[in-house]
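> Given next are the chains, with one letter for each unit.
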Amino acid sequence: MASEHILLPPKTQAPKLAGVDPRVLRARQIRLYIETAPVFHLLAVGFAVGGAAGLIWLYAPEQRSTTLLWALAIAAMLLVRLAAWIAYSGTRPDDDAVRRWLKWFVVPHACSMAAIGVAPLLLVPSASGHEAEILLTISLLVYVVAVGSAQKFSAYRPVVPIVLGPMVLAFVASMLWFPGIAPKVLAFGGVVAGLWSHRMAASFNRSIVQSMELSIRNENLVAALEAHGARLREQTAIAEDARRLAEHAERAKTRFLAAASHDLRQPMHAISLLVGALRPRSSGAEREIMARLGRSVEVMDGLFNAILDLSKLDSGAMKPEIAEVPLRAILETIELHFGPEAAAKNLAFSVFASRAVVKTDAALLERALRNLVSNAIKYTREGRVLVGCRRRGGRLLIAVWDTGVGIAADHLDQVFEEYFQVDGSPRDRSQGLGLGLSIVRRLARLLGSEIEVASVPGTGSRFGLEVPLAFYRRIDTESQAAQPGRYAALEGKFILIVDDEADARFGTEALLREWGCHSASAGSLGELATTLERELRFPDAIIADYRIGERETGLEAISAVRAYTGEDTPALIVTGEEFLETDALAAVAIFPVVRKPVAIEQLRRHLLAALEPGAARTKAA
Amino acid sequence: MRILIVDDHPVMRGGIRACLHDLDAAIGFVEAADLQEAVRAAKAQPADLVLLDLALPGVSDIEALTAFRASLDPCPPVVVFSATDDPGTVTAALDAGAMGFIPKTSTPAILQSALRLVLAHGIYVPPSVLRRRDGMQPSSSTSAQPALRRLSELGLTPRQQQVCTLMVKGRPVKQIARDLDISAATVKAHLQPILRALGVMNRTEAIVALHRLGFSIAD
Numbered sequence: 001m002a003s004e005h006i007l008l009p010p011k012t013q014a015p016k017l018a019g020v021d022p023r024v025l026r027a028r029q030i031r032l033y034i035e036t037a038p039v040f041h042l043l044a045v046g047f048a049v050g051g052a053a054g055l056i057w058l059y060a061p062e063q064r065s066t067t068l069l070w071a072l073a074i075a076a077m078l079l080v081r082l083a084a085w086i087a088y089s090g091t092r093p094d095d096d097a098v099r100r101w102l103k104w105f106v107v108p109h110a111c112s113m114a115a116i117g118v119a120p121l122l123l124v125p126s127a128s129g130h131e132a133e134i135l136l137t138i139s140l141l142v143y144v145v146a147v148g149s150a151q152k153f154s155a156y157r158p159v160v161p162i163v164l165g166p167m168v169l170a171f172v173a174s175m176l177w178f179p180g181i182a183p184k185v186l187a188f189g190g191v192v193a194g195l196w197s198h199r200m201a202a203s204f205n206r207s208i209v210q211s212m213e214l215s216i217r218n219e220n221l222v223a224a225l226e227a228h229g230a231r232l233r234e235q236t237a238i239a240e241d242a243r244r245l246a247e248h249a250e251r252a253k254t255r256f257l258a259a260a261s262h263d264l265r266q267p268m269h270a271i272s273l274l275v276g277a278l279r280p281r282s283s284g285a286e287r288e289i290m291a292r293l294g295r296s297v298e299v300m301d302g303l304f305n306a307i308l309d310l311s312k313l314d315s316g317a318m319k320p321e322i323a324e325v326p327l328r329a330i331l332e333t334i335e336l337h338f339g340p341e342a343a344a345k346n347l348a349f350s351v352f353a354s355r356a357v358v359k360t361d362a363a364l365l366e367r368a369l370r371n372l373v374s375n376a377i378k379y380t381r382e383g384r385v386l387v388g389c390r391r392r393g394g395r396l397l398i399a400v401w402d403t404g405v406g407i408a409a410d411h412l413d414q415v416f417e418e419y420f421q422v423d424g425s426p427r428d429r430s431q432g433l434g435l436g437l438s439i440v441r442r443l444a445r446l447l448g449s450e451i452e453v454a455s456v457p458g459t460g461s462r463f464g465l466e467v468p469l470a471f472y473r474r475i476d477t478e479s480q481a482a483q484p485g486r487y488a489a490l491e492g493k494f495i496l497i498v499d500d501e502a503d504a505r506f507g508t509e510a511l512l513r514e515w516g517c518h519s520a521s522a523g524s525l526g527e528l529a530t531t532l533e534r535e536l537r538f539p540d541a542i543i544a545d546y547r548i549g550e551r552e553t554g555l556e557a558i559s560a561v562r563a564y565t566g567e568d569t570p571a572l573i574v575t576g577e578e579f580l581e582t583d584a585l586a587a588v589a590i591f592p593v594v595r596k597p598v599a600i601e602q603l604r605r606h607l608l609a610a611l612e613p614g615a616a617r618t619k620a621a
Numbered sequence: 001m002r003i004l005i006v007d008d009h010p011v012m013r014g015g016i017r018a019c020l021h022d023l024d025a026a027i028g029f030v031e032a033a034d035l036q037e038a039v040r041a042a043k044a045q046p047a048d049l050v051l052l053d054l055a056l057p058g059v060s061d062i063e064a065l066t067a068f069r070a071s072l073d074p075c076p077p078v079v080v081f082s083a084t085d086d087p088g089t090v091t092a093a094l095d096a097g098a099m100g101f102i103p104k105t106s107t108p109a110i111l112q113s114a115l116r117l118v119l120a121h122g123i124y125v126p127p128s129v130l131r132r133r134d135g136m137q138p139s140s141s142t143s144a145q146p147a148l149r150r151l152s153e154l155g156l157t158p159r160q161q162q163v164c165t166l167m168v169k170g171r172p173v174k175q176i177a178r179d180l181d182i183s184a185a186t187v188k189a190h191l192q193p194i195l196r197a198l199g200v201m202n203r204t205e206a207i208v209a210l211h212r213l214g215f216s217i218a219d
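Protein sequence lines, in the order shown, are assigned to chains D and G.
Per this note's numbering, the first sequence starts with residue 1, numbered consecutively.
Per this note's numbering, the second sequence starts with residue 1, numbered consecutively.
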């Protein structure tokens, strides 16, 4: 009954968790069974069996030979397991192979246990007077081995009945052979020990299986994560490669365009030179052909320029140089350049002058406006083209109006794309590739603006861009610049400043630049020598601080300049000192003295007087 | 007059040659496709003028000019003839001693008149450089060619004209001093009238101004 229970195959398996391969789980349990304290277990069983055999040897001398055989049989089983263990350790079998190793452990294990169980029958003498002690010894051995082995065989559940069953059955059967109540009680104890061991083993096994499943799931998860990570890395690498490839292609395209348009232009320039050389020699019809050839070359050149511009803009080779630029000059250039072209098409062309000074790159802005005006004239058959400005807060809108064909609303975005030309417009490929506006947009962006466009088909268009406004020129300064007068004497003159104060040098130089002068400065006599050496030009006048550093004076500086140039260079002395020493005063008296802080008007007056042609170079002379 | 044309494109050399020959049949030409050839040719027979392309095999941009000028002493006047025309390159070329700069990107008409100008001892620099300089308006001399003015109009003595011409042709002050056997300070002193008359500070500005005002630097 009890044995029946013990031999029942395990019904309750730990609930299977998703993703755990049962074969892997089994293999691990088998491994655990084989690998759990193998040497310790063998030694423990060996000592227990040896101890029991020793007792029987003492109390039942007539059973000595049987006991020896019995102990040797068990030892042989243990040795088989030890040999199997050594072989197993050397092989390190994989999950599938590990099952085949199981029998080499389970069979000797079950045999040695059965041998222990059958011990009462074999070893107890029929009438020696020591039956009770020997039976008790053997029973204790069985109990200890049964319970003590529970941990060992709990690793793999199917092993539990195979190993435990024969021992308990053999023990109970042998004990029932003996008469009296005591052996029955000891036999019952054996059943209890067997059940207890089985129960313990089952409980151990559950927790072992659970932890194994958990670790397998974790491992699967880690493996899955790693695989995912690897996939992600792979995808990122692919994306990175694609991006690099695209960038490479873009750079290659830019390089190709630059190289191609450069190389294609060489023969073209040569053609234009040859046409120019032929023109004076040709006559009549030939002359007309030459003129057409020349025009074709000019158009082709324009196209190459556009492509080259575009590739330069795309490659980032164009860097704007932002400065304060009077708009007037740019607008005048535009007017001069496009006036004849507009007149040839019978268009009214007006450019409204502006006094605005803007912060921009003059060359790039002019290029953008040229493109816009050229486009406006190209797409306008009759009417007018206007260029004008309008203030918008801190910025200035520069716009080009035309009464041309206009652009439909759904084309407004496309006109800035390369090679786009509005359908229905005069589609004249010889006039352009449709690159103008895409160039303008890139130029405008370099200058920090977007291109604005407003258009009504059939009525006209307005294209504009905004630039930061610096200031407006006052009318009087403009008229001053227009009519050469008070400042003309300063324009282009070279003034040398000697002052040990960096701020004073900087301020004076800025002022002189405003007056149209060139300037250079030095903070000491040593620096002055270097400056004179460096500049190709000799100064037209000197502005010297009276006291330069601790020991040097402006008078020495003036002498140094005059000695170097051999000229009687006019000079001004500026000084912050209220009272000069008497000898200094005498020396200084030959030069005009300007008190610090310098009044701008006074400085200019003195400078103009000093620079006057034929004016006395010094007061004394 | 002997002109050395340095350009790696044979068609380009042919084009320049045809154009210049037409302007003056007495011109002798030497052609070179790279820097080594150019230096060899210039050493074999001194040229009166060198038309130098900046994009030569093996050297890039200004390097072509500085390398060429460094290999020859004295170096003949060099006019750069280049497909680049950005103001930075033009100024750098003038700073490096070029006597003028003709962009190949100019329209054919301007290209021809620029060559004609150079042949007549005039100076050509592209309008992009003129615009960059404050207070200077692009001259109209690029389109129509009025008669070139002579340096003597500025009231220069023959000696001053001589020194000025050497400077414009790219000779450094020290070399002019050595050639004329005078001190560097004296060379500078001779240059003052022209610098003051043009209102400029250095050689590059002088070249730009001479072009703008349409001066010839014929000896």
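Be careful, since some hints might not be right.
Beyond 10 Å from chain G on every Cβ pair, some chain D residues (computed) [unchecked claim]:
1. TYR88
2. LYS253
3. LEU274
4. GLY284
5. ARG595
Quick list of simulated restraints, FRET-style, between CB atoms [unchecked claim]:
6. D:TYR472 / G:ALA120: 37 to 47 Å
7. D:GLU612 / G:LYS43: 50 to 60 Å
8. D:ARG384 / G:PRO172: 50 to 60 Å
9. D:ASP500 / G:ALA120: 44 to 54 Å
10. D:ARG292 / G:ALA120: 54 to 64 Å
Hints were generated in silico from the structure; no laboratory data involved.
Predicted model, so just to flag it, every value in this text is computed and none were measured.
Note that the Cβ used here is the ideal one computed from N, Cα and C, for glycine as well.
> Tell me if the beta carbons of ARG384 of chain D and PRO172 of chain G are separated by a distance inside 50 to 60 Å.
holds (55 Å)
> Is 37 to 47 Å right for how far apart the beta carbons of TYR472 of chain D and ALA120 of chain G are?
holds (43 Å)
> Closest CB-CB distance from GLY284 of chain D to chain G, is it above 10 Å?
holds (19 Å)
> Measuring from beta carbon to beta carbon, are ASP500 of chain D and ALA120 of chain G in 44 to 54 Å?
Holds - the Cβ-Cβ distance for ASP500 of chain D and ALA120 of chain G, about 51 Å, lies within 44 to 54 Å.
> So LEU274 of chain D supposedly isn't at the interface. Is its beta-carbon more than 10 Å from every beta-carbon in chain G?
For LEU274 of chain D, whose nearest Cβ neighbour in chain G is about 5 Å away, the distance does not exceed 10 Å, so it is violated.
> Please settle this one: TYR88 of chain D was flagged as non-interface, so is its CB more than 10 Å from every CB on chain G?
holds (74 Å)
> That 54 to 64 Å hint for ARG292 of chain D and ALA120 of chain G (C-beta), does it hold up?
violated (29 Å)
> Quick check for students: does the CB of LYS253 of chain D sit more than 10 Å from each CB in chain G?
holds (19 Å)
> Starting from the hint 50 to 60 Å, judge whether the C-beta atoms of GLU612 of chain D and LYS43 of chain G obey it.
holds (52 Å)
> So ARG595 of chain D supposedly isn't at the interface. Is its beta-carbon more than 10 Å from every beta-carbon in chain G?
holds (30 Å)
Hints 3, 10 from the earlier list are contradicted by this structure; the remaining hints agree with it.
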